[in-house]
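Colleague: Given the coordinates of chain A, assemble chain B onto it according to the supplied hints.
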Amino acid sequence: MTAIVQLDCFGLLCPMPIVQTAKKMKELKIGDILEVKATDEGIKTDMPAWCKATGQEFVGIEEENGEYRVFVKKVRE
Amino acid sequence: MDKEKMTIALFSGDLDKVLAAFFLATTAASMGMEVKMFFTFWGLNVVRKPKLTSGKTFLQRMMNCLNRGGAGRLPLSKYNFLGLGPLMMKTMMKQSRVPDVPELIQTARELGVKFLVCTTTFAFMGFQKDDFIDGIDEYCGAAAFLGDARESRVSYFI
Chain A
377 MTAIVQLDCF GLLCPMPIVQ TAKKMKELKI GDILEVKATD EGIKTDMPAW CKATGQEFVG
437 IEEENGEYRV FVKKVRE
Chain B
972 MDKEKMTIAL FSGDLDKVLA AFFLATTAAS MGMEVKMFFT FWGLNVVRKP KLTSGKTFLQ
1032 RMMNCLNRGG AGRLPLSKYN FLGLGPLMMK TMMKQSRVPD VPELIQTARE LGVKFLVCTT
1092 TFAFMGFQKD DFIDGIDEYC GAAAFLGDAR ESRVSYFI
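Protein sequences appear in the order of chains A and B. Sequence positions in the first sequence follow the numbering used here and run 377 to 453. Sequence positions in the second sequence follow the numbering used here and run 972 to 1129.
It should be emphasised that the hints constitute simulated quantities derived from the structure, not laboratory data. Every value quoted in this text rests on a predicted model; they were computed, and no experiment measured them. One thing to keep in mind: the hints can contain errors.
Computed cross-link-like contacts, DSSO-like style, restricted to lysine-lysine with a CA-CA straight-line distance of at most 27 Å [to be verified]:
#: 1; chain 1: B; residue 1: K976; chain 2: B; residue 2: K1022
#: 2; chain 1: B; residue 1: K1061; chain 2: A; residue 2: K413
#: 3; chain 1: B; residue 1: K1085; chain 2: A; residue 2: K399
#: 4; chain 1: A; residue 1: K449; chain 2: B; residue 2: K974
#: 5; chain 1: B; residue 1: K974; chain 2: B; residue 2: K1020
#: 6; chain 1: B; residue 1: K1027; chain 2: A; residue 2: K420
#: 7; chain 1: B; residue 1: K1049; chain 2: B; residue 2: K1061
#: 8; chain 1: A; residue 1: K449; chain 2: B; residue 2: K976
#: 9; chain 1: A; residue 1: K400; chain 2: B; residue 2: K1065
#: 10; chain 1: A; residue 1: K405; chain 2: B; residue 2: K974
#: 11; chain 1: B; residue 1: K1085; chain 2: A; residue 2: K400
#: 12; chain 1: B; residue 1: K974; chain 2: B; residue 2: K1100
#: 13; chain 1: B; residue 1: K988; chain 2: A; residue 2: K420
#: 14; chain 1: B; residue 1: K1065; chain 2: A; residue 2: K413
#: 15; chain 1: B; residue 1: K1061; chain 2: A; residue 2: K399
#: 16; chain 1: A; residue 1: K449; chain 2: A; residue 2: K399
#: 17; chain 1: A; residue 1: K402; chain 2: A; residue 2: K420
#: 18; chain 1: A; residue 1: K400; chain 2: A; residue 2: K420
#: 19; chain 1: B; residue 1: K1022; chain 2: A; residue 2: K420
#: 20; chain 1: A; residue 1: K428; chain 2: B; residue 2: K974
Extracted from the complex, chain A is given alone in its bound form (with noise of 0.2 Å):
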């Protein structure tokens, strides 16, 4: 079963969705997929960037209004 789990980054600034998003990956089980809220701009190419250094699959990215939802699937530990 997959599972989309939120995590609310709204207000929050570089580099703190990108350290919160590592710390709730570890709670996801393989498969599940992480749905990050967030309004910091930099996110559309940090989350990229993080999915690539940590081998995650960055699944895509929805804007709407200056909100972000990013969304991000743990592919492995």
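Modeller: Showing chain B alone in chain A's frame:
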């Protein structure tokens, strides 16, 4: 596979530079890197307890009284204005929910960042281990730091 390593020699005890060092350290640790922070010279103030004085000789005690440590009382490299600058900066950071140095120390710890203290500064400033916060991983010298630095993908001197 061995983890990629990052080393930071933190020479400065200025709030702004220390923040930059901790942002990079916590981000690197979040990206799966093994991070070591080597605190030297004024950088030692970051991991010192905010004691009024410490040291063995008269000069050491004078210097350590003028140069009081403590992560919560670091000066700015610019616009310090006798402490007014850091106060303004800390208020602005709080308003933007940017973590302060004590919070970043805690976050770095949780992410497994290792803290190293320079034994040379430690000795000539007359410090004792009790002058530092709990959980210093190593008290070591330049060769030990460079041993890690030469194996690091990323190494900074701040």
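Colleague: Straight-line Cα separation of B:K976 and B:K1022 no greater than 27 Å?
Modeller: Distance of about 33 Å is beyond 27 Å: violated.
Colleague: Is A:K449 close enough to A:K399, meaning Cα to Cα at most 27 Å?
Modeller: Measuring from Cα to Cα gives roughly 14 Å; hence the hint holds.
Colleague: Decide if the proposed pair is consistent with the structure: B:K1061 and A:K413, CA atoms, cutoff 27 Å inclusive.
Modeller: 25 Å, holds
Colleague: Taking 27 Å as the top limit, are the C-alpha atoms of B:K1049 and B:K1061 close enough?
Modeller: 14 Å, holds
Colleague: Given the hint that A:K428 pairs with B:K974, does the C-alpha gap stay at or below 27 Å?
Modeller: Cα-Cα ~14 Å, so holds.
Colleague: Check the hint pairing B:K1022 with A:K420 against an upper bound of 27 Å on the C-alpha distance.
Modeller: Cα-Cα ~43 Å, so violated.
Colleague: Just to be careful, I want the Cα atoms of A:K449 and B:K976 compared with a cutoff of 27 Å; is the pair within it?
Modeller: 25 Å, holds
Colleague: Is the hinted pair A:K400 and A:K420 satisfied, with a Cα-Cα distance of at most 27 Å?
Modeller: This hinted pair holds, its Cα atoms lying about 18 Å apart.
Colleague: Within 27 Å, alpha carbon to alpha carbon, are B:K974 and B:K1100?
Modeller: Violated. B:K974 to B:K1100 sits at ~30 Å, over the 27 Å cutoff.
Colleague: Below or equal to 27 Å on CA atoms is what counts here, so check B:K1085 against A:K399.
Modeller: 17 Å, holds
Colleague: When you check the alpha-carbon spacing of A:K402 and A:K420, does it fall within 27 Å?
Modeller: Roughly 22 Å separates the two Cα atoms, so the pair holds.
Colleague: Are the Cα positions of B:K988 and A:K420 separated by 27 Å at most?
Modeller: 25 Å, holds
When held up to the earlier numbered hints, the structure conflicts with 1, 5, 6, 12 and 19 and fits the remainder.
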